[in-house]
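Following the hints, put chain X in place on chain V, whose structure we already have.
Going line by line, the protein sequences match chains V and X.
Take the first sequence: its letters are residues 6 to 202, numbered as in my numbering.
Take the second sequence: its letters are residues 266 to 354, numbered as in my numbering.
Please keep in mind that the hints were generated in silico from the structure rather than gathered at the bench.
All of these numbers come straight from a predicted model, not from anything done at the bench.
Backbone N, C-alpha and C define an ideal beta-carbon position, used for all residues, glycine too.
Please note that a few of the clues may not be correct.
[Said to hold, decoys possible] Computed list of chain X residues with no C-beta within reach of chain V, every gap over 12 Å:
id: 1; residue: Ile268
id: 2; residue: Asp270
id: 3; residue: Arg278
id: 4; residue: Leu287
id: 5; residue: Gly293
id: 6; residue: Pro295
id: 7; residue: Ser305
id: 8; residue: Thr323
id: 9; residue: Arg324
id: 10; residue: Gly326
id: 11; residue: Pro334
[Unchecked claim] If we take Cβ atoms under 7 Å as the criterion, some of the chain X residues that face chain V in the derived model are:
id: 12; residue: Cys276
id: 13; residue: Pro277
id: 14; residue: Ile281
id: 15; residue: Arg306
id: 16; residue: Asn308
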Amino acid sequence: MTGVVHPARVITNAALEPGLVLVLAKPLGTGVLVAGHRVGLARPVDVAAAQATMEQLNRGAAEVLQALDVRAATDITGFGLLGHALHLAQASDVTLHLDTRAVPLLDGALALAKEGCLPGAMFRNLEYVDPHLRLGARVDYERKMLLCDPQTSGGLFFGVEPERAAEAVRRLVDAGYAHAAVVGESSPREGQHLVLR
Amino acid sequence: MTIVDARGERCPRPLILTRQALRGVATGAPMRVQIDNETSRANVERFLVDHGVAVTVTREGSTITCARPAGSSSAATPSTTGRRSMGWR
Numbered sequence: 006m007t008g009v010v011h012p013a014r015v016i017t018n019a020a021l022e023p024g025l026v027l028v029l030a031k032p033l034g035t036g037v038l039v040a041g042h043r044v045g046l047a048r049p050v051d052v053a054a055a056q057a058t059m060e061q062l063n064r065g066a067a068e069v070l071q072a073l074d075v076r077a078a079t080d081i082t083g084f085g086l087l088g089h090a091l092h093l094a095q096a097s098d099v100t101l102h103l104d105t106r107a108v109p110l111l112d113g114a115l116a117l118a119k120e121g122c123l124p125g126a127m128f129r130n131l132e133y134v135d136p137h138l139r140l141g142a143r144v145d146y147e148r149k150m151l152l153c154d155p156q157t158s159g160g161l162f163f164g165v166e167p168e169r170a171a172e173a174v175r176r177l178v179d180a181g182y183a184h185a186a187v188v189g190e191s192s193p194r195e196g197q198h199l200v201l202r
Numbered sequence: 266m267t268i269v270d271a272r273g274e275r276c277p278r279p280l281i282l283t284r285q286a287l288r289g290v291a292t293g294a295p296m297r298v299q300i301d302n303e304t305s306r307a308n309v310e311r312f313l314v315d316h317g318v319a320v321t322v323t324r325e326g327s328t329i330t331c332a333r334p335a336g337s338s339s340a341a342t343p344s345t346t347g348r349r350s351m352g353w354r
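Bound conformation, chain V alone:
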């Protein structure tokens, strides 16, 4: 079945303007938690939280985006945040600046990553984005890797006008996306498509 949408309401990955604030609706780390569960390292309470976030639909978040007139977004799945952010940046010809410490993570994900619990797909994702990535001097190795963590049913990632960013986060939290957070901003294209700090 096909659908019909008003052109002014289309949200694409090619419409991200410079000067927007970037928001991520769900925490990262499902790949690490699932891998940690497989090898018996993850805490059951953390695995349950990962399961819950994977079961949470993006429908409510999409409604928030429509209400805020967001024009550019993507969802985070197998390529990880950096892979999907790269697609957004390339399609929109901008540079995305991400604050690695502001990116929401599932409880337990960082500790597992520090134990070397890094799914193989993370390395493939890193290889994929590496040529387009510029790293600040103080970026933690594990946080960089978690930004490459392949997500199952990950959250929406989008750009919003700076004056509406706080409202976007508040509406997402109200809609049940408790970890929603501002994670960076877009700029005109400057060298690499992705810059981490």
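Just chain X now, kept in the frame of chain V:
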């Protein structure tokens, strides 16, 4: 010589064992990680390189060995810039 035998183990176990071994090995001391599949080899090799370990890879039968020769590395912090940096912990 620290030897990690991760043959028969699947992702991410070889990396977890490698991570544990790195903590216990003195800076500059030789170590060896043995695995038996190319996916693990690629991930372990990248992980070691990212942590500033100069890696040589050898193959013998079904065993792939990622080795760090004696006295080949330095520094005490992990790399955030991948292949371009030289630190490890």
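Exercise. Hint by hint, work out which the structure violates, then give me just those numbers in ascending order.
Key: Those not satisfied are hints 3, 4, 7, 15.
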